[in-house]
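For chain A, the structure is supplied; the task is to place chain B on it using the hints.
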Amino acid sequence: MDATVTPLRIALVGVPNCGKTALFNRLTGSRQKVANYPGVTVERREGERATPDGRGMRVLDLPGTYSLNPTTLDEAITRDVLLGRLADTPAPQLVVCVVDSVHLPIGLRLALEVKRLGLPMVLALNRMDVARRRNVHIDAARLAAELGVPVVPTIAVKRGGADALVGVVEGGRWAAPGASATALQEHDAEDAERVQRELRGLLVASGYSPPRVSPWFGRIDALLLHPVAGLAILLAVLFVMFQAVFSWAEAPMNWIEAAMNSLGGFTAAHMPAGPLSSLLVNGVIGGAGSVLVFLPQIIILFFFILALEDSGYLPRAAYLLDRLMGSVGLSGRAFIPLLSSHACAIPGIMATRTIPNWRDRLTTIMIAPLMTCSARLPVYGLLIAALVPARAVGPFNLQGLVLFTLYAAGIVSALLVAFVMKQFTRHRQYSPLMLELPDFQWPNASNLLLGLWERVKIFLSRVGGIILALMVVLWFLSSYPQPPPGATGPAIQYSLAGRLGAALEYVFAPIGFNWQIAIALVPGLAAREVAVAALGTVYAMSAAGDDLSAALEPVIASSWSLATGASLLAWYVFAPQCLSTLAVVKRETNSWRYPLIMAGYLFALAYLASFIIFRVVRAWA
Amino acid sequence: MGLDSLVFQDFLVALIVLAALGFSVWKLMPARRRLRVLLAFDGWSARHPSLARWRERSLKPRIARAAGVGCDGCGANDVRRPHRPR
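Residue numbers (my numbering), protein chains in the order written: chain A, 623 to 1243; chain B, 987 to 1072.
Calculated directly from the structure, the hints in this document are not laboratory data. A virtual CB, placed ideally from N, CA and C, is assigned to each residue, including glycine. Hints should not be assumed to be uniformly reliable.
Said to hold, decoys possible - Here are some chain B residues the structure puts well away from chain A; computed CB gaps all over 12 Å: (1) 995; (2) 1022; (3) 1023; (4) 1029; (5) 1030; (6) 1035.
What the hints assert, rightly or not - Straight line, CA to CA, 27 Å or less: simulated DSS-like cross-link-like pairs of lysine-lysine: (7) 1013/B - 1208/A; (8) 1013/B - 1079/A; (9) 1079/A - 1046/B; (10) 1013/B - 1046/B.
To be verified - Examples of chain B residues lying across from chain A (beta carbon under 7 Å, computed): (11) 990; (12) 1006; (13) 1007; (14) 1011; (15) 1012; (16) 1013.
Here chain A stands alone, though its shape is the one from the complex:
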């Protein structure tokens, strides 16, 4: 790209779920998650593409919107970018309006609004392959003539599917259609009717015929959206998912664990004894290696989530749960942020920008950390494997049942907290959920693999990055100062970390935590899964001789009581053990008040739940 000329600024605009993000990926080669439910694009997405003339193009993927009359923050961003109202984002030089060919009327209505702004525009008829399969007819040439802008068919998910669009853009075969006098005015009923008449005229002129709907889709939807049968199916799907996380992952986890043990043994045997060997065996392999073991579980969990997303099932789950969420005072729009929070609370909290009502948004932000994020999975996996026997309960795996219960505990407690928050709110407004249910489809294999690869990369970069670095620091704190001559206890008891653990033990003793857990909770504030690595390092440093690189799971199984393990599980359901989440809450609410309230109520809940669980299980066991 020639640095002396400014690249062409292009904005992609379209209704949610029209394939805009896939087209963005096709144009820029970037990797963004392609979802099947509306509202996925909340953050600013920009990518670059080189052009033969050396100018290049800068493509901006705008949040999906149904209209330029915004009701949410992300829709307002789309309008403001198009109007050049954002200080750091100049107005685009070309707008590519992406419409889903299968559902042309919805997209074309927005296209008419965008056209009235007077910006140079190209209309991309996306998903043309699906439209042809479903007998949708569109005369693109007639549509272009009527609309007065170039119209090009695209298939964003297919290699070469955007070539026609690139040809039109690079060839400069586009011009401004001319602004309408009413473009920037507030829309009234008369104006809406005018747009609707224009839309009907365009549909007739382009010979649009609506898609053929398979009778099977109707029958499947009737079952999946049934208030009772639909909920039962949703529960069954989730249940199978958590069973699979334990059953399918067992073998690959054992392989990784054996590889880590061999690596630890090999390193200890082939290096001269001393601090460097201890750092590598106990800090690096014993610490970061103990988190790496959980990679297969993460892959299986996300395989299910991505497959459900790609198949079109998740928006139906949102529709099913809307009534339940409304009954505890949550907006239907809260479903997608809360679902995202199962991967990580941070994008979930950022996705609450799609909720127009501030009170609803705040409630969703406050309960988002209660959703079980993927960082909790290593903690749950370790404790369940160590303390819950791997036996069958009827057709089910007991370990999978416990994992399902923990995820359910997160969701139920979030609903309860939302219900309590509702009692303190007056003059509530109901914010309805508007969802376009996408067609059912088989999950796209490349989308699935790409999504899984993204999750694997994120997990490995955390294990090899911040987790590894923190384990090296923790190893140092667990090793120095060294024990005085004649000391009889494990060396770690005399170290800085040992002394910190002994001090914290007073706070955590009532809920059954020992000093090793107390130490692990401190670096675990950086990220939840760091606690597993920290336990690996602390226990490796507490052992002696041949046990140095032993696996963590049998050590916990033999040295912790069931009550302690259950108490730690309860702690992790509630505790806000993630500083990044609190920082994002501060940024999103623009106040320290809410992250402090969140940390306070979550720590109080965690301590109370752990205290009760510890006492009950100890009395029962």
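Using the frame of chain A, we list chain B on its own:
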């Protein structure tokens, strides 16, 4: 002096621990503060012509990345590379 030497091992371990500490502080620093540190580096390097190449090739893209990334805690805001058609 090789790995058999305890002094050499101590030296290596001290280096690794210091690097890990620096990396941890950097990664756990709030995004805004990290951006401020990078901008301060940029201002300082602008006064040293010998660093011009490093500034253009390494520092500028890092600043652009830091300006666009929220918390670095997840992969939601990963950096995109320009796509060059064949």
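Do the hints match the structure? See the list:
1. 995: Non-interface label on residue 995/B violated, nearest chain A Cβ at 4 Å vs cutoff 12 Å.
2. 1022: About 15 Å separates residue 1022/B from the closest Cβ of chain A, which puts it past 12 Å; holds.
3. 1023: holds (16 Å)
4. 1029: holds (20 Å)
5. 1030: With a cut-off of 12 Å, residue 1030/B remains clear of chain A, as the shortest Cβ separation is near 24 Å.
6. 1035: Non-interface label stands for residue 1035/B: nearest chain A Cβ at 19 Å, farther than 12 Å.
7. 1013/B - 1208/A: Holds, because 18 Å separates the two Cα atoms, which is no more than 27 Å.
8. 1013/B - 1079/A: holds (17 Å)
9. 1079/A - 1046/B: holds (24 Å)
10. 1013/B - 1046/B: holds (18 Å)
11. 990: holds (5 Å)
12. 1006: holds (4 Å)
13. 1007: Residue 1007/B check passes; min Cβ-Cβ to chain A is 5 Å, inside 7 Å.
14. 1011: Check failed: Cβ of residue 1011/B comes no nearer than 9 Å to chain A, outside 7 Å.
15. 1012: This interface hint is violated because 9 Å lies over the 7 Å limit.
16. 1013: The hint holds - residue 1013/B has a Cβ within 7 Å of chain A, the shortest such distance being about 5 Å.
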